[in-house]
Amino acid sequence: MTMFEAILLTIITASTPLLIAAIGQLVVERSGVLNLGMEGMMIMGAACGFAAAIVSGNSYIGVLAAIAAGMGMALIFAALTLGLAANQVASGLALSIFGLGLSGVIGAPFVGARRDTMARLDLPVLSDLPVIGKALFGQDPFVYASFALVIGVWWFPGRTKPGLILRACGESHASAHALGYPVLKIRLLAILFGGACAGLAGAYLSLVYTPFWSPGMTAGRGWIALAIVVFASWLPWRAMAGAYLFGGITILQLHAQGAGVKIPSQAMAALPYLVTIIALVIIMSRRGGQQSAPASLGVPFVPDR
Amino acid sequence: MQINRRQVLGGATALAGAATLGQPVFAQSNPLQVGFIYVGPVGDFGWSTMHDLGRKRLEEVMGPAVKTTVVESVAANDMERVATQLGRQGHRLIFTTSFSFFQPTMRVAPTLPNVFFESATGTQTAANVSLYNARFYEGRYVQGVIAARKSKSKTIGYIAAFPVPEVIHAINTVMRGAWSVDPAMKIRVIWVNAWFNPGREADAARALIDQGCDVICQHTDSPAPLQLANERGVFGFGQASDMTRFAPKAHLTSSVNSWGDYYVERAKAVIAGSWTPGDVWGGLNSGLFKLAPFTNMTPEEASEAQRIADAISTGRLHPFDGPIVRADGSTVVPAGGRLTDDQIRAQNYFYRGIEVALPS
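Protein chains in written order, with our numbering: chain X, 1 to 305; chain G, 306 to 665.
Simulated from the structure, these hints should not be mistaken for laboratory data. Any given hint might turn out to be false.
To be verified - With a straight-line cut-off of 27 Å between C-alpha atoms, the simulated DSS-like cross-links for lysine-lysine are: (1) K595(G) - K361(G); (2) K262(X) - K361(G); (3) K361(G) - K491(G); (4) K554(G) - K595(G); (5) K262(X) - K459(G); (6) K491(G) - K459(G).
When you get a sec, could you build the whole thing from the sequences and use the hints?
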């Protein structure tokens, strides 16, 4: 494997949790709901996924448990914001803080346990392609899942009827309601999908990326995923570009340090944020993306009002 | 709503009452309350975990004579508040277990003159502030010797937290040890600007390994870099606790901290009324830390490492003997001299031969 391939492989590994979480959040926001509980759902996925994998001895059961945990957290959020029409920003923040605390309790018996990282799954033929083969198709199953998610979320909202209904709920929930669509039910499904993605991203951290449990191990990745969605102006391909750009600069600045480049490490550490924001803002302004936020984003919907 | 508020108020009153009960009204007959403030989570497997093991040892030895309280993952700018609260709750002895807590400890100590503070690493003592630390660099020298024996690419990868003297003199000492075996040894350093951030530590390890480093030293607290070394088939060292189980094929040795006996000694001193501010900086011979059993090494390599460790422990070998030359070529100490403890604690330069950018 050449140096270039190795770096590419590492970049994709580093970006995948961000990408999975961002794609989930994108669907939630497209339905008109702002769930700031990403970090909490993600870390619950990490804790429950690791715990289930240790108890059952099977990483795939861990993954399922992580998805269930993320969806469980999302359900709490849905009960508050859809059922009780509570403020979405406050509920989301509460969910993040709650998740960080609860995951510590769940993970406590598993501190110090270790598992081997999940096996890579080489796709035949494709993984033998020169340069990009190993990096794209010699990865763990999560990476393939992230590719599938991007394609699915590109195809679904723009090119299927249920997808258009989902977008209608996000653009004008009153109109969607008037047309007879069950706005709350659709938003519930979107929130659950977002929770599942967050749980999956969390499982990636505790089962593949750094295969152990420690409290607070998501280290703000949920918030970065949220930011990527906004700067990607709610489009899956741009979210993918944003996640890979962020992951890429993160890894490249570490390489630059290792190679002895004489730039202060603090400035280097700030680079991923800076470059990603600048790049996505430029894309957004060029393509008239300012108006692209779903019009009903963050507005609670009460059917009889 | 009113009922709710009343319940809340009632709860608050009960809590306040409980807090009052907790005050040492009859301090003589009550157990000594000891507070521990950690910079990371108890479950970091490293620095904070080992302080907590020390706390457990204290409870085990002293039994009902002490009562301990833990506050984990405290940010440096929140340390004063936490310490003040512990002091008001009647804690007479508080261990602030990070260099990041040293300045806040110095600020809060004069406001709580009846509380004895113990700061794990720092630069000066005060009327009610002691310092304690271990000479971890002694273990770093041994790591350097082992790394030079194990490395085929002749390049060590070092994952560093912050550019503070403790980390800088550790990097210098690793290379001192490595050069004693092979003067051609080189080092690459990545600063992750965190003591504990498993994801970033693992990313740094990936980058170093991709650049050809085949022995990884870490000055951060999670087992992530070592685990990654295991996955990628290179070697590494554990930090603060014995991390063998995280990397059965990669682990060479760990520096294992052991604070329990010191905590017992200091708690006994407070109870006896004989506590005085001290400045403890113990080496391999002090029991404050030891090296975990050597693994993945040939018998010859292990016995050489043990010989070096013994030589340092008995004072026959000193990692800061001259000549010491800075990266810019100026001599700090000529041959025959030796750095003083204060000079070691203030080291803010790399030795000649270490070509690494030092963040300002």
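field: Given hint K491(G) paired with K361(G) - CA-CA distance at most 27 Å
entry: Between K361(G) and K491(G) the Cα gap is close to 41 Å, so the pair fails against 27 Å, i.e. violated.
task: Sort out whether K361(G) lies within 27 Å of K595(G), counting only the CA atoms.
output: Given that 27 Å is the threshold and the Cα spacing comes to 19 Å, the pair holds.
- prompt: Are the Cα positions of K262(X) and K361(G) separated by 27 Å at most?
  reply: Distance of about 44 Å is beyond 27 Å: violated.
- prompt: Under the criterion that the straight-line Cα-Cα distance not exceed 27 Å, is the pair K554(G), K595(G) satisfied?
  reply: 21 Å, holds
Pairwise hint evaluation, K459(G) against K491(G), where the allowed Cα distance is 27 Å at most: With Cα atoms ~6 Å apart, K491(G) and K459(G) stay inside 27 Å; holds.
- prompt: Can the restraint linking K262(X) and K459(G) be considered satisfied, given a maximum Cα separation of 27 Å?
  reply: 22 Å, holds
Checked against the numbered hints above, the structure breaks hints 2, 3 and satisfies the rest.
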